[in-house]
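Chemist: The lines below spell out each chain.
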Amino acid sequence: MTVSPAPSPGLKAQLLEMHQLARQFGRPVKYMEVCGTHTMAAFRSGLRTLLPESISLLSGPGCPVCVTPADFIDQAVALARLQDVVIVTFGDLLRVPGSRSSLERERAGGAEVRVAYSPLDALAWAAQEPQRRFVFLAIGFETTIPAIAVSVLQAAERRLDNVSFLCALKLMPPALAALLRSPALKLDGLLCPGHVSVMIGPEPYAFLAKSHHLPCVVAGFEPGDMVAGVLMLLRQSCGHRAEVEIQYHRSVKPGGLLRARQLWESVFEPSPSRWRGLGWIPESGLKLRPEFSAWDADRLYPETQVPAAVENPACRCGEVLQALVLPGQCPLFASGCTPEEPQGPCMVSSEGTCAAYYRYGRMASGASAAPERA
Amino acid sequence: MGLTDRILLAHGSGGRQSQDLLQQLIIPLFKDILLTPLDDSACLSLPAGQTAFTTDSYVVDPLFFPGGDIGRLAACGTINDLVMQGGKPLFLSLGLIIEEGLPTTDLQRILESLAAVLQDNEVRLATGDTKVVQRGQANGLYINTAGIGRCLPGVDTSSSNARPGDEVIVTGTIGDHGVAVLSHRQGVRFETELTSDVAPLWALLKPVFEHHPAALHVLRDPTRGGVAAAVCDIARASNVGVVLNERSLPIRAEVRGACSLFGLDPLDVANEGKALVVCNPKETPTLLEALRSHPLGQQAAVIGSVVAESPGLVRLRTRAGGERLVDLPAGELLPRIC
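So the protein sequences, as listed, match chains D and P. Position in the first sequence (from 1) plus 27 gives the number in this note's numbering. Position in the second sequence (from 1) plus 356 gives the number in this note's numbering.
To be clear, the hints were calculated from the coordinates, so they are not data collected in a lab. Every residue gets a Cβ at the ideal spot worked out from N, C-alpha and C, and that includes glycine.
Computed spacing ranges between beta-carbons, pair by pair:
#, chain 1, residue 1, chain 2, residue 2, range
1, P, G492, D, P340, 39 to 45 Å
2, P, P459, D, S293, 43 to 49 Å
3, P, K638, D, E44, 40 to 46 Å
4, D, A211, P, Q654, 56 to 62 Å
5, P, R603, D, Q332, 49 to 55 Å
6, P, Q375, D, D188, 46 to 52 Å
7, P, S516, D, G355, 28 to 34 Å
8, P, S516, D, P358, 30 to 36 Å
9, D, G355, P, E665, 20 to 26 Å
10, D, Q110, P, D376, 38 to 44 Å
11, D, L43, P, R603, 19 to 25 Å
12, D, A174, P, A570, 54 to 60 Å
Derived contacts from chain P toward chain D, CB cut-off under 10 Å, selection only:
#, residue
13, E679
14, L684
15, A686
Here are the computed lysine to any residue pairs in the SDA-like style, where the Cα-Cα straight-line distance is at most 20 Å:
#, chain 1, residue 1, chain 2, residue 2
16, D, K39, P, N601
17, D, K213, D, A269
18, P, K562, P, V511
19, D, K39, P, R603
20, D, K39, P, R675
21, D, K39, P, G677
22, D, K39, P, R673
Take the sequences, apply the hints, and build the full model.
Modeler: What follows is the structure, encoded as structure tokens:
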């Protein structure tokens, strides 16, 4: 059958309860959806136009492309300019501006940059073209890390010496801890990322409930999941509770996927990592263990290491990522910065907050003002 | 001399091997529909009235995909561009840019499917050209076709004709072509029964042109950029708002699944055998009946309406009951799908 499934009968009832509870609660609440996939799903499904006026959804630092700092792009650009080096990347990174160029511009200028859907593509190409050197740009959160770990292990097993990984992998819980240290950010709860939590389970969020007294709900990505997740947060707010609850039971289990984590721990070790907007955060990144240094692009091509990049001072991606400003509050939004001509990563990524607001949120006046509430 | 099993640079030299390719492969395939003689240009006798003229280049990767190949695509794409203007397709030109080393049997299969579409639609091949480039300079084969058609009297389907109150019909499921091509691409390959919808739309729309020309306000084929781009164009060109209903969009389960996997919006994904029809709402039932009586239009559905509010903007009523903007897709969504 080809017609879209109808909304579940529960959705209406949940929205009704949410509106009632929001009225009873009496004051506005701000919940953060941490994950970029949630941000996009909320816009695509029109969820924001269904929520009570008093509930604001703020987008968090959960888009891997967006939190990757400009110096990573600069280093990738430097790699792309080396003789015989082929850059392999997820498509979203192509258009992210570095301090002077982007991979898209380098490709137009003659560099070889290939878009892959899996890091294993880089291995396949490396095996087919032994005379060239392939560098995979490894960015992502806990969701992507297992696939990259498998690729590194396979490269090592197959002794593929013409493929390497430029790693800027990031871990979500330390970033949330850093984010919440900002006194300017006043939150009433967190919609925790569904896919990341499949890997790590709900336990790493316990400190949010305990130390920060923030309700937390791990939610799925269907409109019904997100409505249920927001409702669970609101029930906690109304009951003055702060707990970690799971809405996304069909995929998230206590403890997460231990085997996947063991796999990545055999390849990577924690390291400090720089996040766009949040700066250096201890233990928030992963680097290759010394026994895999032969596949570490950062070590193999030290000449491409770059100083910290100068980011466009007018671009407010850093603050957008911390939910300190909304995209519309950036002077570049929709005028100097569009998906066609992006100035910052939040406008490039398919999960970027600015891209979501631009693509789905610019309604004519009166049609829906919901996304513009701070 | 017989043809080699792969195309050589010499086949594009203009010399003896070029003649061999022409005489042994191309002319036999098109003999029933070829305008002769093969002079430097074709001289056409055109019927009175306005003439539609269009061109398009085809660089799809891979050359063969589920449900079609670059030959069928090159014939259908140009025929459909004529049909969208209310034109009856009459003549096609065929420019081939072949990469050295293309298997001759592949070229034959591709030209056979192109010829079959022309034959079925009574379109004549008027003129053509063949070039061969060195290995590594093209992806097997690029095709350029230009088409000439006769504009049917009384049919005006310009994108600027939409008016508040009009309804928007799509003639079938959306996103099939883009997802089918993606499913077969190197590095992606996922199992699906899905095939491309690539098809010539003349037979589907001819009865509508003949019997209900005044009911048609706008016709567009939602190819690159998908339904989203086509509807946005209409909203801007006509300076009207459009509201689409997500629940009415005909989308196959495979397309929905693949789109969610790759983070695509089915509204953005290309179609090669579908038309968007903006029509007078009083005529909607008649048009739906006419469309649904043809195999290519069985799943035709009303997907939205034209409104006076927020001119230039397209909004989607989501299946969750919310609302959002529909915008032109930006950037490299799915490269080389046509």
